[in-house]
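On the provided structure of chain A, position chain B as indicated by the hints.
Number of protein chains: 2
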Amino acid sequence: MTHVGTDPVELSLNQATTRPYPLTKTAEEAMRAGIRHIGLWIEPVEAIGIARTQQLLNDTGLSVSSVCRTGFLADKEGAELRSALDGVKRALDLSREVGSPMLTLIAGGLPAHDRSIQHAEVRLRAAIEELEPYARDAGVRLALEPLHPLFVGTRSIVTTIAQALRIIADFPEDTVGLLIDAYATSWDSRFHDDVLAAGPRIAGYQVSDFALPLPGPENMNGRLFPGDGDIDFAPLTASIRRAGYTGPIEVEIFNDDIWKLPLETIIDRTVAGFNRCVSESLNELERQSP
Amino acid sequence: MTHVGTDPVELSLNQATTRPYPLTKTAEEAMRAGIRHIGLWIEPVEAIGIARTQQLLNDTGLSVSSVCRTGFLADKEGAELRSALDGVKRALDLSREVGSPMLTLIAGGLPAHDRSIQHAEVRLRAAIEELEPYARDAGVRLALEPLHPLFVGTRSIVTTIAQALRIIADFPEDTVGLLIDAYATSWDSRFHDDVLAAGPRIAGYQVSDFALPLPGPENMNGRLFPGDGDIDFAPLTASIRRAGYTGPIEVEIFNDDIWKLPLETIIDRTVAGFNRCVSESLNELERQSP
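Chains as they are written, first to last, in this note's numbering: chain A, 1 to 290; chain B, 291 to 580.
Worth double-checking, as some hints may not be accurate.
Derived contacts from chain B toward chain A, CB cut-off under 10 Å, selection only [unchecked claim]:
| no. | residue |
| --- | --- |
| 1 | F362 |
| 2 | G399 |
| 3 | E411 |
| 4 | R413 |
| 5 | V442 |
| 6 | I447 |
| 7 | T450 |
| 8 | R456 |
| 9 | S476 |
| 10 | A501 |
| 11 | G506 |
| 12 | N509 |
Estimated spans, in silico, between C-beta atoms of each pair [claimed, not checked]:
| no. | chain 1 | residue 1 | chain 2 | residue 2 | range |
| --- | --- | --- | --- | --- | --- |
| 13 | B | E420 | A | M31 | 56 to 62 Å |
| 14 | A | R90 | B | E420 | 58 to 64 Å |
| 15 | B | E333 | A | M31 | 34 to 40 Å |
| 16 | B | P507 | A | K260 | 19 to 25 Å |
| 17 | B | G506 | A | N283 | 44 to 50 Å |
| 18 | A | P8 | B | G506 | 37 to 43 Å |
| 19 | A | A126 | B | D404 | 39 to 45 Å |
| 20 | A | K260 | B | R566 | 40 to 46 Å |
| 21 | A | P22 | B | D547 | 21 to 27 Å |
Residues from chain A that face chain B, not an exhaustive set, calculated with beta carbons under 7 Å [stated by the list, open to error]:
| no. | residue |
| --- | --- |
| 22 | H119 |
| 23 | R123 |
| 24 | A126 |
| 25 | F171 |
| 26 | L214 |
In short, the hints are calculated from the structure, not lab data. Please read these numbers as outputs of a predicted model, since none were measured by experiment. C-beta: ideal position from N, C-alpha, C; glycine also.
Isolated chain A, as found in the complex:
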């Protein structure tokens, strides 16, 4: 089901943004800040258990926008692949139990003995083919997320929206979609065209800001609050909405310095950055358009 274009832009707090803090504290602090949606991570949900997570969601009124993250399939074969597939199925069960409409799927990188992206795409497509009926039964959408090209060898052979669409094209739209992360894809000169082509395949949308240099480890944790980096989110978000997606927008940040801040500060700066650079900028842009 696509959303109507006049829906207000709503923030969802992805739990990675407050990683050092327990889920209970994050949920309570999010509610205090007026946030209505949360992106859950598997490990902290498992840490407190499904029942307590469900209770917490009830108590706070937070809806779950996504469960992150699973996959890492494209580099695996044999027993290692079977084990990874079982992990995705358990994550689909968990996603259903916490009421998430989707589960983020990370493709996986390249094995040392075969650096062919084409071969890895074949393995990934076969893995999704096995997972798709399970996702359908669970009522949870698999959302393939392109990562930044930096991580092609180590984490995700899927690095563009166009490539993700090509890989999932033959699977049913309602069970296999796409998670678009502005941090990972805003460099792409085809962003706007590919987002429009993705249309109802868009299962979710995440924002965080980009600036060089990217610190270690593995250049993973340089994500910034919206407005603290180089990305202009309004035109990107306008295309996402024009393509039909007007669900919650997750702020997902990995950053060792931000993780050292008090929980309240992280959440307040998330809300402030989102309001200024995503929702207000988008409103401004849409007012200017004919």
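Below, chain B without anything else, positioned relative to chain A:
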């Protein structure tokens, strides 16, 4: 003119690889190591002057595969753009004088006030339109080089081979081409298709190896000797040759640790890495193919 597919693979030493050493020393040491081609940088040529560079090339028998680098146009307008265009024209003169068949053109990033890649592409195309007759008169090909998506905001809005081809499509093939750098583009799932589509547009090809994490400053200087990172060069190089390019292949490395090594060590490791991971691996691959 395209080369025949049976040409041997020849190494060219890009001068960035030995950046701390003067051009004279680099050229003499390259000759000692049996290298027949060199990629020159503008500043070290200017440091010793055109006449002395020409003499050095005569004395060593080195041919010039490219002059690096110029451009940084896409983010500029007005007087700043005029000054950058004049810089490219001076670099075209210098390239002609040292006998280089091409000059590397870096697109430039995004200005702070307008993060639209589409707008920047329009500015870049207009700039190339102004430069193209000058390049034709100089007999030097402008070679647009896609950089890694990391640098879209700061150095190059051109991040894929397909995008570069789209930008230069309307310019004459013999004056505006493409420089393909394996480090910058091997993450791209369309690499092989786009290289074949590029065909005679390919003006040059560079290699250096990639591994995470990328060190500072600005994550620029993490390039490694072929074989010390994650890239499998043989299939990439096979596609480059299948597309019709069999000119010299430059090894271009930026790496603060490598720059601390003795000149002889840098050059010997360049030759060894190139032989093992580019030429011998390619021969092996081509023997295996039907």
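Discussion item. Taking the Cβ atom of A/K260 and the Cβ atom of B/R566, is their distance within the range 40 to 46 Å?
Written reply: With a Cβ separation near 44 Å, A/K260 and B/R566 satisfy 40 to 46 Å, so the hint holds.
Does the Cβ distance between B/E420 and A/M31 fall inside 56 to 62 Å?
holds, 58 Å
(request) Evaluate the given range 37 to 43 Å for the C-beta pair formed by A/P8 and B/G506. (result) About 41 Å separates the Cβ atoms of A/P8 and B/G506, which means 37 to 43 Å holds.
Does the interface hint hold: is B/G399 within less than 10 Å of chain A, judged Cβ to Cβ?
-> This hint holds: B/G399 lies near chain A, its Cβ roughly 9 Å from the closest one there, short of 10 Å.
Hint validity - B/R456 Cβ closer than 10 Å to any chain A Cβ: holds, 8 Å
Should the hint that B/E333 and A/M31 are 34 to 40 Å apart at their CB atoms be regarded as holding?
Given range 34 to 40 Å: violated, Cβ gap about 58 Å.
Requested in this report: Confirm or reject the claim that B/P507 and A/K260 have a C-beta distance inside 19 to 25 Å.
Outcome: holds, 23 Å
Does the nearest C-beta of chain A fall within a distance shorter than 10 Å of the C-beta of B/T450? holds, 7 Å
#### Entry: Satisfaction of the hinted span 58 to 64 Å by the C-beta atoms belonging to A/R90 and B/E420
holds, 60 Å
Hint status (Cβ of B/F362 to nearest Cβ of chain A, threshold 10 Å): violated, 16 Å
Problem - Restraint satisfaction for A/H119 [CB to CB of chain B, less than 7 Å] - result: Hint on A/H119: violated, closest Cβ of chain B at ~11 Å, above 7 Å.
Under 7 Å, Cβ to Cβ, is where A/A126 needs to be relative to chain B, so tell me if that hint holds or is violated. violated, 17 Å
The structure fails to meet hints 1, 4, 15, 17, 21, 22, 23, 24, 25 from the earlier list, while all remaining hints are met.
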